[in-house]
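Starting from the given sequences, assemble the full structure and let the hints guide the process.
2 protein chains.
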Amino acid sequence: MSKPSIPKGTRDFLPVQMVRRNYLFETIRSAFQKYGYLPIETPAMEKMSTLMGKYGEEGDRLIFKILNSGDYLTKANEAAWAAKNSNQFTSSVSEKALRYDLTVPFARFVVQHQNELAFPFKRYQIQPVWRADRPQKGRYREFFQCDADVVGSDSLLYEVELVQLFDEVLTNLRIPDVTIKINNRKILTGIAEITGEADKIVDMTVAIDKLDKIGEEGVVGELQERGIGATAIEKIKPLFTLTGSNESIVASMNVMLAESETGLKGVEELKFVFDAIEKLGLKQAKLQFDVTLARGLNYYTGAIFEVVTSHFRGSICGGGRYDDLTGIFGLKNLSGVGISFGADRIYDVLNDLELYPDFSSITTQVLFVNFGDQEAAYCLGLLQQTRNAGINSEIYPSNAKMKKQMKYADDKGIPFVVLVGDNEMATGELTVKNMTTGEQSNMTITTLIENLTNE
Amino acid sequence: MSKPSIPKGTRDFLPVQMVRRNYLFETIRSAFQKYGYLPIETPAMEKMSTLMGKYGEEGDRLIFKILNSGDYLTKANEAAWAAKNSNQFTSSVSEKALRYDLTVPFARFVVQHQNELAFPFKRYQIQPVWRADRPQKGRYREFFQCDADVVGSDSLLYEVELVQLFDEVLTNLRIPDVTIKINNRKILTGIAEITGEADKIVDMTVAIDKLDKIGEEGVVGELQERGIGATAIEKIKPLFTLTGSNESIVASMNVMLAESETGLKGVEELKFVFDAIEKLGLKQAKLQFDVTLARGLNYYTGAIFEVVTSHFRGSICGGGRYDDLTGIFGLKNLSGVGISFGADRIYDVLNDLELYPDFSSITTQVLFVNFGDQEAAYCLGLLQQTRNAGINSEIYPSNAKMKKQMKYADDKGIPFVVLVGDNEMATGELTVKNMTTGEQSNMTITTLIENLTNE
Chain A
115 MSKPSIPKGT
125 RDFLPVQMVR
135 RNYLFETIRS
145 AFQKYGYLPI
155 ETPAMEKMST
165 LMGKYGEEGD
175 RLIFKILNSG
185 DYLTKANEAA
195 WAAKNSNQFT
205 SSVSEKALRY
215 DLTVPFARFV
225 VQHQNELAFP
235 FKRYQIQPVW
245 RADRPQKGRY
255 REFFQCDADV
265 VGSDSLLYEV
275 ELVQLFDEVL
285 TNLRIPDVTI
295 KINNRKILTG
305 IAEITGEADK
315 IVDMTVAIDK
325 LDKIGEEGVV
335 GELQERGIGA
345 TAIEKIKPLF
355 TLTGSNESIV
365 ASMNVMLAES
375 ETGLKGVEEL
385 KFVFDAIEKL
395 GLKQAKLQFD
405 VTLARGLNYY
415 TGAIFEVVTS
425 HFRGSICGGG
435 RYDDLTGIFG
445 LKNLSGVGIS
455 FGADRIYDVL
465 NDLELYPDFS
475 SITTQVLFVN
485 FGDQEAAYCL
495 GLLQQTRNAG
505 INSEIYPSNA
515 KMKKQMKYAD
525 DKGIPFVVLV
535 GDNEMATGEL
545 TVKNMTTGEQ
555 SNMTITTLIE
565 NLTNE
Chain B
115 MSKPSIPKGT
125 RDFLPVQMVR
135 RNYLFETIRS
145 AFQKYGYLPI
155 ETPAMEKMST
165 LMGKYGEEGD
175 RLIFKILNSG
185 DYLTKANEAA
195 WAAKNSNQFT
205 SSVSEKALRY
215 DLTVPFARFV
225 VQHQNELAFP
235 FKRYQIQPVW
245 RADRPQKGRY
255 REFFQCDADV
265 VGSDSLLYEV
275 ELVQLFDEVL
285 TNLRIPDVTI
295 KINNRKILTG
305 IAEITGEADK
315 IVDMTVAIDK
325 LDKIGEEGVV
335 GELQERGIGA
345 TAIEKIKPLF
355 TLTGSNESIV
365 ASMNVMLAES
375 ETGLKGVEEL
385 KFVFDAIEKL
395 GLKQAKLQFD
405 VTLARGLNYY
415 TGAIFEVVTS
425 HFRGSICGGG
435 RYDDLTGIFG
445 LKNLSGVGIS
455 FGADRIYDVL
465 NDLELYPDFS
475 SITTQVLFVN
485 FGDQEAAYCL
495 GLLQQTRNAG
505 INSEIYPSNA
515 KMKKQMKYAD
525 DKGIPFVVLV
535 GDNEMATGEL
545 TVKNMTTGEQ
555 SNMTITTLIE
565 NLTNE
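The listed protein sequences derive, respectively, from chains A and B.
The opening residue of the first sequence carries number 115 in my numbering; numbering runs sequentially from there.
The opening residue of the second sequence carries number 115 in my numbering; numbering runs sequentially from there.
No false leads were slipped in.
Which copy is meant is left open, so a pair is good if it fits within one copy or across any two.
Computed cross-link-like contacts, SDA-like style, restricted to lysine to any residue with a CA-CA straight-line distance of at most 25 Å: (1) Lys122 <-> Leu231; (2) Lys521 <-> Glu543; (3) Lys515 <-> Ser449; (4) Lys349 <-> Thr415; (5) Lys168 <-> Ile120; (6) Lys526 <-> Leu231; (7) Lys122 <-> Pro242.
Rather than coming from a laboratory, the hints here were simulated on the basis of the structure.
Here's what the structure looks like:
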């Protein structure tokens, strides 16, 4: 029989990985809660109608569909079968699908439960999502998203606190050299407006987005290729040399966008966030305006966020303000803003830089060696005491060779091993071996417990 | 547009439910870890070949299958289509399915990763599973299982610690009137042996299992119907009147099963667990022999557990020893023992009896009222201080009417509201309203933080 395996693009998590991932999720979770965000969960499966048409044609294709139960073929689409049209056929044999992200289920949730929620509704959600993407390094078919959103208010105080939240989580995770990039969709609209070619906003932002990679000349070339006129390009050019403090950038943008009401509004919103953060300070991250930031252009309406560290290619977090998330489900004009932590990317950074704390208090701290029935019976009483004191502990299950028992402690990373033989049972002084230093010392169970709970 | 909804048998969890469920899972998780069990996770999807044929025909039917991606119809089974044979058709268009329980994925995991694990391998796993069952009260299509297992040892010390683990978790959850029922598959085999009709073990246990419901006479009738002979029935009868202490029951069983080696072995195993637990004591639960306990007869080989409380109809936990869990994946003779907490049933009991502690330290503790831009700016600084002190806190996002802001605090169950106007900004003495008592008092931010962190 060949070894069993799992579907490609999915992962098993072994204890050492789980302990690390739980640390990551716990750090994010506790920061979310500190900022007043509360957890929700939605089912893995959503109705097909909830998901389809929300992620574009490509997204629809990548959604995992679930076959109807029972004799589903009786309702299968004969014409689609004859035409071998898999897409059409699917909708006749499948009514449910696995969630593709947390955003659409969240929008569905808010509309469905609108009468049970306190608005502004601050929620976080940490759950896996599934995509039938081609698996490759760092891209999985099952991966976790960690989102915090608030809907039902357009207050910029939330943009401020979400910047703080990025900073707090990534500082607590000790990820170095973090930059929180911020832009505003209204500024992008303003730029398109002042060029006189407002309809070309997508072409412009796609080109400007490449500034880092292809430089000023490259961008100009791309703008020309995309049919942006020379006058317009002249008006865009000052963007390329925007440098200096956030304050001076705001001043330049105000001049540049003087003719666009929307653009000025965007600068004002940006300034509000800058001023507040300037006053409050950040723990570690830098907050930086980046006019080339144009993610989610088709749904973000205000602030746009992206977070990077020099230790990872690509962003590790993102987010922004949207004005009509729940509109697709019939609840209009509910403004919201949210952020998302790329858990699997951050996990990679934590692993690469070995940023984990000591986990020995989560894994087993003490192993009682088993020298035989009588000794084991004696140790069960001690074990009960360590466990009652909240110390993760266990006994080796059989009177195996010492070497084997010590190897078990080693493999499991157990820092303390307790040896109890005739002597120890007579005196009550246990022999305790520190597996890190190799040192052995004698102490009562009370002292051992004191030592370990004071650690 | 009609309100969106979710597939039947699935659930959304709102914050108030999530906080309760997280408490439940956290309590189980921390006890598992205290006993040396470490977390693993497996993917939601398994290969079809991993799952099919493991749960019987009915189980196969209830597994949710995932449609292959892309142009899957090109590989669809034409003959199955023509015959409208949905079952056969499925295997040609679906290679993956959602896990049906945690046991089979765990067996697959152990075999797949056998060279990376330290044996005996103690793992716990808390994840959702999916079944295409007909939904009804208390039965869902997506629900959580919480399993702890140890594989790679036949030591009875694990039976003892799993009994302690049941007791620990349910005591910590404050579930009253808990009985841990224990039986042993070898005793059931022994009973069948001494009757001289060993092949009728299933019929016998099915009948004996009804003792509670239909009484001694009923069981005798059922045994007759199932073709058990009169001599056999006479030998079974003493079981019906087994009462008294666990010790006296063990003594009676030893007499009754004197002719069956297997049966005596079962009694010996049972006695080992009784003696150890007698010596160690349990925090709250009772441990009780129950010869009618016959769950998982086709895979349990030693101890069989079931846990009940008088506050729930049906069992809330189960478990047992198995000798060949991983055999189905080619790794033979790996003995294991495991238990499972019925999270959704326990959740129902916690709700019915309102056994939850105070959650105000998890949800937001402090709301800063927003009296306008200047006051809000001032409060942001205070908010930063409370958050840095680890206090979950937030500010209302806009200068809305007082009544609206207080309603928000109420709806969200926030216990303290801070009011900062001109006076407060001038003196630094905040007005703090206790939402439970209605009392208002003045204090500095330092005092507020001290009060809340000492709580």
